[in-house]
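Asks: The listed protein sequences correspond, in order, to chains Y and S. Residue 36 in the numbering used here sits at position 36 of the first sequence, with consecutive numbering throughout. Converting from the second sequence to the numbering used here requires adding 194 to each position, the first position being numbered 1.
Derived by calculation from the structure, the hints in this document are not laboratory data.
Calculated lysine to aspartate or glutamate pairs in the EDC-like style (CA-CA distance at most 20 Å, straight line):
no., chain 1, residue 1, chain 2, residue 2
1, Y, Lys-185, Y, Asp-57
2, Y, Lys-185, Y, Asp-167
3, Y, Lys-173, S, Asp-319
4, Y, Lys-185, Y, Glu-12
5, S, Lys-367, Y, Asp-125
6, S, Lys-212, S, Asp-251
Take a look, some chain S residues computed to stay more than 10 Å from chain Y by CB distance:
no., residue
7, Glu-206
8, Ser-261
9, Cys-296
10, Ser-298
11, Thr-301
12, Val-313
Owing to the predicted nature of the structure, the values given are computational and were not obtained by experimental measurement. Note that CB positions come from ideal geometry on N, CA and C, so glycine has one too.
2 protein chains.
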Amino acid sequence: MTDTAPSAPPCEALAHLKTALRKNRRHAHHRYFQLASVTAEGYPRNRTVVFRGFATDDQTLLVITDSRSDKVAEFAQNGAAEIAWYFTETREQFRIRAVTSCISGSTGSTEDAALREQVWRQLSDAARAQFFWRSPGLALGAGTTLVTTEAVPETFALLKLSPVAIDHLVLSKVQTRRHSQLIDKHWHEQWINP
Amino acid sequence: MTDTAPSAPPCEALAHLKTALRKNRRHAHHRYFQLASVTAEGYPRNRTVVFRGFATDDQTLLVITDSRSDKVAEFAQNGAAEIAWYFTETREQFRIRAVTSCISGSTGSTEDAALREQVWRQLSDAARAQFFWRSPGLALGAGTTLVTTEAVPETFALLKLSPVAIDHLVLSKVQTRRHSQLIDKHWHEQWINP
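For reference, chain Y alone in the conformation it holds in the complex (with noise of 0.2 Å):
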């Protein structure tokens, strides 16, 4: 797709990744995870978010999201996530530990930017209303408009995940587990007890 080289060696735990996205694709909710943060306060909070596929080093996790929610405010402050992504259908979990960078209207590359306005541009308009609303756990208020542009509202966020850990867990058949960690750029994998 690119001829930017992958900043480490592909890590088994993702292909096996990617082989799940492919053999649970029958259920639309396949692409939805949870994705913990934590808040300044030190207190977990925990969402389910749409996967909206790899970036170009086909590694790194994109979910799109509105720059004036809490989980942008708590990875600018803490930047570490944790993904606990359940495959109905194939019955395993990938569990991610990923370092999150927020590409908005006013930061990132000119390739971030690119990205961004890619994903925007690949969503349905109802998808796209969302960004144009009063701003999220705001109390219920009149005057909801059902707008939507073809320009990129700087209420759009697209949120990187770089996986550093992936945890590995088949329920089906026999039970096995097995932990990818990113130590200096290698991945190194190790089956452990479930």
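Given chain Y, work out where chain S should sit, using these hints.
Replies: Below, chain S without anything else, positioned relative to chain Y:
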């Protein structure tokens, strides 16, 4: 079921959760949710767990775990949890902030000990067997035997999750989101912007 008065008036969002459990029951995964915690170093952790029902107060959620697992240590140090529970059939999410307490072999009231034993008795042999394995997360070793007993092993712990705030997001049809918060033992509810 019991003549113990609940510690707070029932929360309407919990009634919706019970309805969701009923409406989604044809999929075994309707009982799986993602549970986030925070490590001593301030990192988020997230994993899929199985809902084992409510405690006798009909509000506290129950989850079983190995007393040697990381989450037991994490919650002992920081008792705050957030559950993200997505129901695939009815397309709705409950985010539940909860205070955790852990009932292991050596802790808890007589009532807690009875509850722990009751949950153990309801487990399948396969579910029980895991508590006789080596510590979860250790390198996979030989000598894992399938022993299981009627007596509750020391490694079997029951995690109690008492909700303090619930965010209910409904994706089907028109998106709605309602936030419920426990303040001074009373639930306060508000419709908010998704």
